[in-house]
Amino acid sequence: MSAGISHLDLLEAESIHIFREAAAQFRKPVLLYSIGKDSTVLLHLARKAFWPTKLPFPVLHIDTKWKFRDMIAFRDKTARDFDLDLIVHTNYNGIEKGINPIDYAPSVYTDVMKTTALKAALDEGQYDAAFGGARRDEEASRAKERVFSFRAEGHRWDPRRQRPEMWRLLNGRLGHGETVRVFPLSNWTERDIWRYILREKLDVVPLYLAAERPTIERGGQLLVLDDDRMPLKDGETPVMRSVRFRTLGCWPLTAAVESTATDLETVVAETLGATTSERQGRLIDHDQEGAMEKKKQEGYF
Amino acid sequence: MTALSAIDGTNEDKAAADDVTAVLGQDLNGMLRILTCGSVDDGKSTLIGRLLWDATDLYDDQRATIERSGRTAGGTDNPDFSLLVDGLVAEREQGITIDIAWRYVDTKTRRFVIIDSPGHEQYTRNMASGASHADLAIMLIDARHGVKTQTRRHAAILDMIGVKRVILAVNKMDLVDWSEDLFRAIETDFKALCKNFGFWEALAIPASAAGGDNVARRSENMPWYTGPVLLEHLEELPSRGTAPTGPFRMPVQTVLRDGRDFRGLAGTVSNGTIRVGETVVDPISRKSARVQRIATMDGDLESAHQGHAVAIQLDTDIDVARGSVLAHNDTLPTVTRTLKAKIVWLSDVAFDPRGSYLLRSATDLVPISMLEITALLDLDSLDQKPANVCGVNDIALCSIALGRPTALDTFSGAQETGSFMLVDAITGASIAAGVVSEASNQATDQAGDVFLLTRAMLDRGLCADLVTSGGSEAEFSRRANEVALILRAAGIKVEVESPPDYQI
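As you go down the protein sequences, you meet chains A and B in turn. Just so you know, we're using the numbering used here here: the first sequence kicks off at 497 and counts up by one. Just so you know, we're using the numbering used here here: the second sequence kicks off at 228 and counts up by one.
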């Protein structure tokens, strides 16, 4: 860490600084954990910020009950390995009403099972700050997001309330009814996330790596059948294909890509290597992700 | 190789590893944050677009989009590079009070963070806000117009906020027949202007953003210019985090205890260097101890420099808490209750002499017992004009008295411990940003009617539970601050009594 400081060192130090400021300034923070690669980096940085002590806040996962089984196994192992205070919240009211990703539009499903669930979990826990893994490079609407992003009562994001942030000073004094989302990865790029995972040798969910999995093709997308809850349409027969995932979510809503990349280096090279056509393929993914992000903004992020 | 890449080292794997190196770059040579100032008319978007086009990791389809657009950069056959920047900016208009758009690009060797504050209006607060994150500023002017009042304003703001390196990009040289005489005249004006300020480096580069001249490649149209080309210069400047720094400072963010024998003072070194074995002092209590360990999760360090986030364990417990600034004994920050500062007013709500304000320094939050505006800075003439009011986009000189002493530096001595935000005590909003110009070690000689909030008074009631439970000094002082604020809101000048072992 002496001469020739790398940009990852600088990013890491900045994120640690943000974690410590937030933990010191807010009464009851919580870390939002979604099990994916960004959450993996977020959690690793949090551990560095408070090492050798236990994380001074709990880790919250919003479980829709439609996550890949591998994700849940990875989550639980991570919680055990790092002695996390893991809180899992599910909107059982939504489940009782039969809201699921197969019969309902993704927007409805996401709103009930993710956004509403998150707001309820934050209210129940009376958290005044929630760490999230959002990055400014994710999409244009995030480019101006603050590190401390303030929410009015009801988790509303109001542009007029966003505070100027200068130098390394972070002002976390809350007004009446306000809460805050804290984004320690604000200045990281997607490439940095992968670079850092490789550099720090972090474990990620095996779904990021290619393996033979039972798939069906539907609407031009490859879906992996994680259990038998999704009824097959006429003519659909599960076929074993070598596939991996670029992003992870609820399994009926997350498309896989055909790939033989069984180690992380190859995955990263494939993901970011970007010949034109490959990237355009990815842009489609990205747009869908963008739509998801919009849902999140309605209260999620 | 990671734990997950358990496959034997086949050729394919090697190829993959090479690919990944090619794609990610193993070690970017640090990072530089660049603020771009100037108006669209001067060709700002074209310059940034050109830099992205020539030097960075743009994807093929992004290039194709620009080429397909059919638009050309003014007066040339080149594509309109500004589309790379402008399209994004338009999307980003969200009505945030202060807009700064962040853009991240990698050249083969370095991460550049391009900070842009779009919009002409209210540029002072936007620019000040953007400048505070920048290592360097590129000021763009049109060669036909030369150094204007706007350049002077920009330079004044950059200097106040602490940007140490500035580049004047003299654009549109193609429209003045690549005239060396004209460029030299502009360069002379610029150097003269910069003498008013504390920049380490002020460089003028003649360029044509549309043609790419002296942006990423040396111009054949201006053989007389032998100085650095813009990109080359940006890649060779010292990275963020490696600039020379002065006395050691580490504002303590929090104290980490593992329940056994570890008690680490966690913080980011904001200035200078600290080594194991050196003695550090808490300037407020004047207590000192030796550095036993500089701990990180990746292993202990022998030394830590500016920008390192560490946890320092001392050989004796001197009860340092958040808000303290660790320093070496011979170069202590000032412990003060009064200061003079230059502030830029960021809020739409103007200064209210009866308002309740807090001063947020690196890690301390202190009630303000008096805030007095003394003058406004005229950015055109750089003159100070006496004033006692202050509103949005003003740069003002002010005197501040604090409800209790805190450790501060002058901004020119140590930027991070010499800067602060003014916070509205009621809404919590950040309303102004300031840099300390003078901090006196003298206890303030405030006239008469100041109500002293004594520790005894608090011990008896509000903080009685802390007394009996042996609660923390931090909680005690938090409560004291809040009481002070309420009293101030009621128009009572108030000071909070210092802890018993405090000495100036």
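In case anyone wonders, no lab produced these hints; they're calculated from the structure. Glycine residues also receive a C-beta, built at the ideal position from the N, C-alpha and C atoms. Mixed in with the good hints there might be a few duds.
[Stated by the list, open to error] So the derived label-pair ranges between C-beta atoms look like this: (1) B:Thr469 <-> A:Leu728: 42 to 50 Å; (2) A:Ala707 <-> B:Ser699: 20 to 28 Å; (3) B:Ile653 <-> A:Asp572: 28 to 36 Å; (4) A:Pro554 <-> B:Asp525: 18 to 26 Å; (5) A:Arg565 <-> B:Asp544: 46 to 54 Å; (6) A:Asp572 <-> B:Val616: 53 to 61 Å; (7) A:Arg565 <-> B:Gly486: 48 to 56 Å.
Hint by hint, here is what the structure shows:
no., hint, in the structure
1, B:Thr469 <-> A:Leu728: 42 to 50 Å, "violated, 59 Å"
2, A:Ala707 <-> B:Ser699: 20 to 28 Å, "violated, 52 Å"
3, B:Ile653 <-> A:Asp572: 28 to 36 Å, "violated, 44 Å"
4, A:Pro554 <-> B:Asp525: 18 to 26 Å, "holds, 25 Å"
5, A:Arg565 <-> B:Asp544: 46 to 54 Å, "holds, 49 Å"
6, A:Asp572 <-> B:Val616: 53 to 61 Å, "holds, 60 Å"
7, A:Arg565 <-> B:Gly486: 48 to 56 Å, "violated, 36 Å"
In summary, the structure is inconsistent with hints 1, 2, 3, 7 from the numbered list given earlier, while agreeing with the others.
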